[in-house]
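**Student:** These are the residues of each chain, in order.
Protein chains: 2
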Amino acid sequence: MENNRPLILVTNDDGYSSKGITELITMAQRIGDVVVVAPDAAQSGKSHAITFSNYIRVKTITDEPNLKVYSVTGTPVDCVKMAINRLLDRQPDLLLSGINHGTNSTVCTIYSGTLGAATEGAMNGIPSVGVSLCSFDLDADFSIVVKYTEPILKRLLATNTDKNLCLNINFPDVCEADFRGIKICRQANGVWKERFIEYRDPWDRPFYWLSGDLVNYEPDAPDTDEWALAHGYASIVPINLDSTDYVRLKKIDYLL
Amino acid sequence: MENNRPLILVTNDDGYSSKGITELITMAQRIGDVVVVAPDAAQSGKSHAITFSNYIRVKTITDEPNLKVYSVTGTPVDCVKMAINRLLDRQPDLLLSGINHGTNSTVCTIYSGTLGAATEGAMNGIPSVGVSLCSFDLDADFSIVVKYTEPILKRLLATNTDKNLCLNINFPDVCEADFRGIKICRQANGVWKERFIEYRDPWDRPFYWLSGDLVNYEPDAPDTDEWALAHGYASIVPINLDSTDYVRLKKIDYLL
Chain A
1 MENNRPLILV
11 TNDDGYSSKG
21 ITELITMAQR
31 IGDVVVVAPD
41 AAQSGKSHAI
51 TFSNYIRVKT
61 ITDEPNLKVY
71 SVTGTPVDCV
81 KMAINRLLDR
91 QPDLLLSGIN
101 HGTNSTVCTI
111 YSGTLGAATE
121 GAMNGIPSVG
131 VSLCSFDLDA
141 DFSIVVKYTE
151 PILKRLLATN
161 TDKNLCLNIN
171 FPDVCEADFR
181 GIKICRQANG
191 VWKERFIEYR
201 DPWDRPFYWL
211 SGDLVNYEPD
221 APDTDEWALA
231 HGYASIVPIN
241 LDSTDYVRLK
251 KIDYLL
Chain B
1 MENNRPLILV
11 TNDDGYSSKG
21 ITELITMAQR
31 IGDVVVVAPD
41 AAQSGKSHAI
51 TFSNYIRVKT
61 ITDEPNLKVY
71 SVTGTPVDCV
81 KMAINRLLDR
91 QPDLLLSGIN
101 HGTNSTVCTI
111 YSGTLGAATE
121 GAMNGIPSVG
131 VSLCSFDLDA
141 DFSIVVKYTE
151 PILKRLLATN
161 TDKNLCLNIN
171 FPDVCEADFR
181 GIKICRQANG
191 VWKERFIEYR
201 DPWDRPFYWL
211 SGDLVNYEPD
221 APDTDEWALA
231 HGYASIVPIN
241 LDSTDYVRLK
251 KIDYLL
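These protein sequences, in sequence, are chains A and B. By the numbering used here, the letter at position 242 of the first sequence is numbered 242, and the numbering carries on one by one without gaps. By the numbering used here, the letter at position 238 of the second sequence is numbered 238, and the numbering carries on one by one without gaps.
Derived from the structure by calculation, the hints contain no laboratory data. Do not rely on the hints blindly, as some may be mistaken.
Said to hold, decoys possible - Here chain B is said to cover these stretches of chain A; the calculated rule only asks that three of the stretch's residues, wherever they fall, bring their Cβ under 8 Å from a Cβ of chain B:
| # | stretch |
| --- | --- |
| 1 | 81-88 |
| 2 | 116-127 |
| 3 | 205-212 |
Claimed, not checked - Heads up, simulated SDA-like pairs for lysine to any residue below, C-alpha to C-alpha not over 20 Å straight-line:
| # | chain 1 | residue 1 | chain 2 | residue 2 |
| --- | --- | --- | --- | --- |
| 4 | A | 183 | B | 247 |
| 5 | A | 251 | B | 222 |
| 6 | A | 250 | B | 182 |
| 7 | A | 193 | A | 216 |
| 8 | B | 147 | B | 158 |
| 9 | B | 193 | A | 55 |
| 10 | A | 59 | A | 85 |
| 11 | B | 163 | B | 90 |
| 12 | A | 193 | B | 89 |
| 13 | A | 163 | B | 247 |
| 14 | B | 163 | A | 57 |
| 15 | B | 19 | B | 68 |
| 16 | A | 251 | B | 184 |
| 17 | A | 193 | B | 125 |
| 18 | B | 19 | B | 67 |
| 19 | B | 183 | B | 219 |
| 20 | A | 183 | A | 151 |
| 21 | A | 183 | B | 90 |
A quick note: this is a predicted structure, and the numbers were derived from the prediction, not measured. Virtual Cβ for every residue (Gly too), placed ideally from N, Cα, C.
Just need the whole structure built from these sequences, with the hints factored in.
**Tutor:** Here it is, written out as C-alpha cells:
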C-alpha cells in the first residue's frame, strides 16, 4: 500500500458482493487506498450486534496493491473490529458503510447494520459515514449517490479534524432531474409497526416471519431526514455515540 | 389475567431460564401480573438486532393465571416485538429486561441485548428498565439488586407519566455492607479494546474468537456510571431514543 494516500475502510450489511458496496468501492478507489472488510452474506437489521458466542472466519477475496477485499462470517460491527484489530496495518482515515440497498432514516436507524458499522468506526476514532439509497432494488441506480457523496467525502478528508464524527447519509430514489440537493437533518421520530406473519410447517407447527412498516410521527417537520427524503433531498444526520438522555437525566430524581 | 394490576413484560438476553430473569420475575410478581417473553438461548451482544432473514418460533413454557412465560428463537428485540404484536392482549405498564449477568455501562451499552430490549419497549411507548449486575457468575447473588430496584419500580409505576422513559440500572457486585446507594449518571466515554484470538481447526484452517476489555476514557469523572459502579454505587442512566447528534448538527455545514 502507498501510505501517502488516505486509507479507506469499506464495509456494509448487504454482503461484500452486493451492487451497492461495489459502487462505493469504485468511488473510494478514486479517493484513496481501499480495504474492504464486509460480511460474507446479508446482515441487514443487525444493528450494533457483535459475535462472541461463536467463532468468526475470514476469507481473502481480492489481494491487489491498492485494493484488498476480505469477507467475514459475522455482523457489520464484527467486520469493523476484525479490520481494526487484525487486518489493517494502520488506522484508516475514513470508514464508509454501504451503499445500503434501502432507507436508514428516523430513530429506527437503530436497527441498521450499515449504521452499526459506521458507529463502531467512529467509536474507534475513525471518521465514519453510512450511505444508503431509498431503494431495495438489487440492481438499483446508485449514480446520484456516487456523484453527490464523493465531493462531501473529499471535503471531509481535507478538512475534518473530528475523529469521532459519524454521519448517516440517505439519498431519495429519484432521477437526477428530480433531485433537489442535500440537507443536514435530525432524525424524525417514528416507529416500525410490526406484524408477524404466521405460517405452518409441513408438520402443522406455526412459525413466524417479521414484517412491518415505518410510521413517521412527524411527517410535516422540514428539519427531519424523512421530510427531506420525501421531498427529493438527500439527508445527512450526524449520529451521537453517547446515548445518555441529558434532558431526562435532570428529571428522574423523584424515582430515588 | 386480572386487569386491575399493572401488566409487566419481562425479557432479557441471557435466556428465559437464567437465574437473573428468574429473580426479576419473582420481584415483578409482587408488583403486577407478569408475562415473560424471552430468548430460548443466550443472546448477549445482540444490541438492537432484529430477525427478518429467518423465521421465528415461539414456545409456551408456563401458562398460569398470573404468570405466562414464552420462549422465542430470536433476539431480545424480537421478543419485545413478538410480545407486543402477538402475545399480549393489552399494552404493558412496564417492561423489565434482565437481570443481566454482567455490566452494561459506558457508551458501550450500545452492544447490549438487555438494553436493546428496553429501548425497543420505550420506542413502543412502554416505560422500560434494563437491570444488570456487575457479575458474570451464573449463580450470582442478586439480593441487593432486587431489594433496591423494587421500590424504584413501584415509584415509577405510581408516578411516571413518560411513556418513552428508558432507564439503564447497574448494580456493583458488592455485599450490602459495601453498597453505597444509587446515583443518577451519564454514560462514561470509553471503548472496548478487542483482540481476536486465533485458533486452528482440525484441518489447520484459522478461526477467530472475539475477546476484549473495556477501556474507560474518564475514570475520574464522578458523574459517570463507571465511576459510580467502581465506588460501590448503583447507577441509573436514562437512555435516549433519538441518536441525532445535536451538537455536531450545527457544525457540519462546511461539508456541503
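**Student:** All hints, please: hold or fail.
**Tutor:** Going down the list of hints, with the structure as the test:
1. 81-88: The restraint on the stretch 81-88 of chain A holds, since 5 of its residues have a Cβ under 8 Å from chain B and three suffice.
2. 116-127: That given contact holds, which follows from 4 residues of the stretch 116-127 of chain A lying within Cβ reach (below 8 Å) of chain B.
3. 205-212: holds (count 7)
4. 183/A <-> 247/B: Judged against 20 Å, a Cα distance of about 16 Å means the pair holds.
5. 251/A <-> 222/B: Since the Cα atoms of residue 251/A and residue 222/B sit roughly 19 Å apart, the hinted pair holds (cutoff 20 Å).
6. 250/A <-> 182/B: Roughly 15 Å separates the two Cα atoms, so the pair holds.
7. 193/A <-> 216/A: holds, 10 Å
8. 147/B <-> 158/B: holds, 18 Å
9. 193/B <-> 55/A: holds, 18 Å
10. 59/A <-> 85/A: Cα-Cα ~16 Å, so holds.
11. 163/B <-> 90/B: Holds: residue 163/B and residue 90/B sit about 15 Å apart, inside 20 Å.
12. 193/A <-> 89/B: This hinted pair holds, its Cα atoms lying about 16 Å apart.
13. 163/A <-> 247/B: Answer holds: residue 163/A to residue 247/B is near 15 Å, not above 20 Å.
14. 163/B <-> 57/A: violated, 43 Å
15. 19/B <-> 68/B: Between residue 19/B and residue 68/B the Cα gap is close to 17 Å, so the pair holds against 20 Å.
16. 251/A <-> 184/B: The hint holds at about 10 Å.
17. 193/A <-> 125/B: holds, 12 Å
18. 19/B <-> 67/B: holds, 17 Å
19. 183/B <-> 219/B: Given that 20 Å is the threshold and the Cα spacing comes to 16 Å, the pair holds.
20. 183/A <-> 151/A: Judged against 20 Å, a Cα distance of about 15 Å means the pair holds.
21. 183/A <-> 90/B: violated, 40 Å
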